[in-house]
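Trainee: Starting from the given sequences, assemble the full structure and let the hints guide the process.
Protein chains in written order, with this note's numbering: chain A, 31 to 181; chain B, 951 to 1065.
For the record, the hints were derived by calculation from the structure and aren't laboratory data.
All values reported here derive from a predicted model rather than from experimental measurement.
For every residue, glycine included, the Cβ atom is placed at its ideal position computed from N, Cα and C.
Be a bit skeptical, because a hint or two may be false.
[Unchecked claim] With beta-carbon atoms standing in for the labels, derived distance ranges: (1) B:Thr1029 to A:Ser94: 44 to 50 Å; (2) B:Thr1028 to A:Gln144: 40 to 46 Å; (3) A:Ser114 to B:Leu1055: 22 to 28 Å; (4) A:Val84 to B:Asp1023: 29 to 35 Å; (5) A:Ser143 to B:Asn1005: 52 to 58 Å; (6) A:Gln144 to B:Ser1056: 47 to 53 Å; (7) B:Asp1023 to A:Ile91: 32 to 38 Å; (8) B:Thr1057 to A:Gly70: 25 to 31 Å; (9) A:Pro139 to B:Thr998: 31 to 37 Å; (10) A:Ser90 to B:Asn1053: 41 to 47 Å.
These are the residues of each chain, in order.
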Amino acid sequence: MNAPLMKKSPKQAVLSGLLAAMFTLSAHAALYTYNNTSSGVVPQNGTTFSSQQVVTGIASIIASPGVEIVLTFNDNASLTGNSSGIQGLLDLGTSTSSPFVTFSPTGTPVSGSQERTYTATFSEFNGDNPNATWGLVLWDNNTSGNLCKSI
Amino acid sequence: MYKKAIFRRGTDSFTYTISDGYTGGTATSTASVTVSLGKATSVLYPPTVGAGVVNLVGYGIPTHAYDVQRSPDLSTWTTISLSTYPSGITAASNGIILYTDINSLSTAYYRLVVH
Chain A
31 MNAPLMKKSP KQAVLSGLLA AMFTLSAHAA LYTYNNTSSG VVPQNGTTFS
81 SQQVVTGIAS IIASPGVEIV LTFNDNASLT GNSSGIQGLL DLGTSTSSPF
131 VTFSPTGTPV SGSQERTYTA TFSEFNGDNP NATWGLVLWD NNTSGNLCKS
181 I
Chain B
951 MYKKAIFRRG TDSFTYTISD GYTGGTATST ASVTVSLGKA TSVLYPPTVG
1001 AGVVNLVGYG IPTHAYDVQR SPDLSTWTTI SLSTYPSGIT AASNGIILYT
1051 DINSLSTAYY RLVVH
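Mentor: Right under this line is the structure:
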């Protein structure tokens, strides 16, 4: 990558590579951590970035404090924390009636980097069976900005 | 050769010169080009396949409408969800979009596009 040839959209965020998505389940005092290395552009055009994580073999239900997700973004663009920027969903299952939570991430600076992390703990799944296909969905409500990074 | 600097919707222009290659005569003109984007696509996850039936799972923005398209060759795409859902398929409140193709081809590719 030749940095001078790159022009990054001020309105477009990209999930970084490793640890793009990580979530931790609490189940009867046990912690289960899953690192999902999926990464990609969070689109602005009505489509979504999504990633699935299959969880199996956990013998107990989700317990307090719940499910924690950690997302890593390449910069702060569109991490507004409201409906004007990036929004997301975490689904427990692949049915249209599957339980879910919605969130609007903000960015916490990473020392020495332009990356931003977003960490949140959700208690909405407490009491549910964690053994399912989890879905992470992200999209950007911004409609302005360039649609490609490189020139 | 025209090469647009940034992939951005809108109109751009470039100036070109042509030569007759013989007498040295040239002419210069300006052409206008318009870059527009086709409908964007989202990922559909690996389907489950039954007897002539393909069950598809995808994700969209809740309450937004999408179409499922099918192709035999990744070249020609046909919207197959319209016959059942004239206004497109609306993503559920959890973003999930389900569609069952009951007339699948022997080889088929699927994609989800914004309605």
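Trainee: Hints first: check each against the structure and report whether it holds.
Mentor: Going through the hints against the structure:
In this structure, Thr1029 (chain B) and Ser94 (chain A) meet the distance hint of 44 to 50 Å, their C-beta atoms being roughly 46 Å apart. The given range of 40 to 46 Å is respected by Thr1028 (chain B) and Gln144 (chain A), whose C-beta atoms sit roughly 43 Å from each other. Checked against the hint of 22 to 28 Å, the pair Ser114 (chain A) and Leu1055 (chain B) fails, with Cβ atoms roughly 42 Å apart. Distance hint for Val84 (chain A) and Asp1023 (chain B): a CB-CB separation of about 30 Å, consistent with the stated range 29 to 35 Å.
A hinted range of 52 to 58 Å is violated for the C-beta pair Ser143 (chain A) and Asn1005 (chain B), which are about 41 Å apart. The given range of 47 to 53 Å is respected by Gln144 (chain A) and Ser1056 (chain B), whose C-beta atoms sit roughly 48 Å from each other. Taken as a hint, the range 32 to 38 Å is violated for the pair Asp1023 (chain B) and Ile91 (chain A), whose Cβ atoms sit roughly 46 Å apart. In this structure the hint that Thr1057 (chain B) and Gly70 (chain A) lie 25 to 31 Å apart at CB holds, the actual value being about 26 Å.
Checking the proposed 31 to 37 Å range against Pro139 (chain A) and Thr998 (chain B) shows it is violated: the Cβ atoms sit about 42 Å from each other. A hinted range of 41 to 47 Å for the beta carbons of Ser90 (chain A) and Asn1053 (chain B) is consistent with their spacing of about 43 Å.
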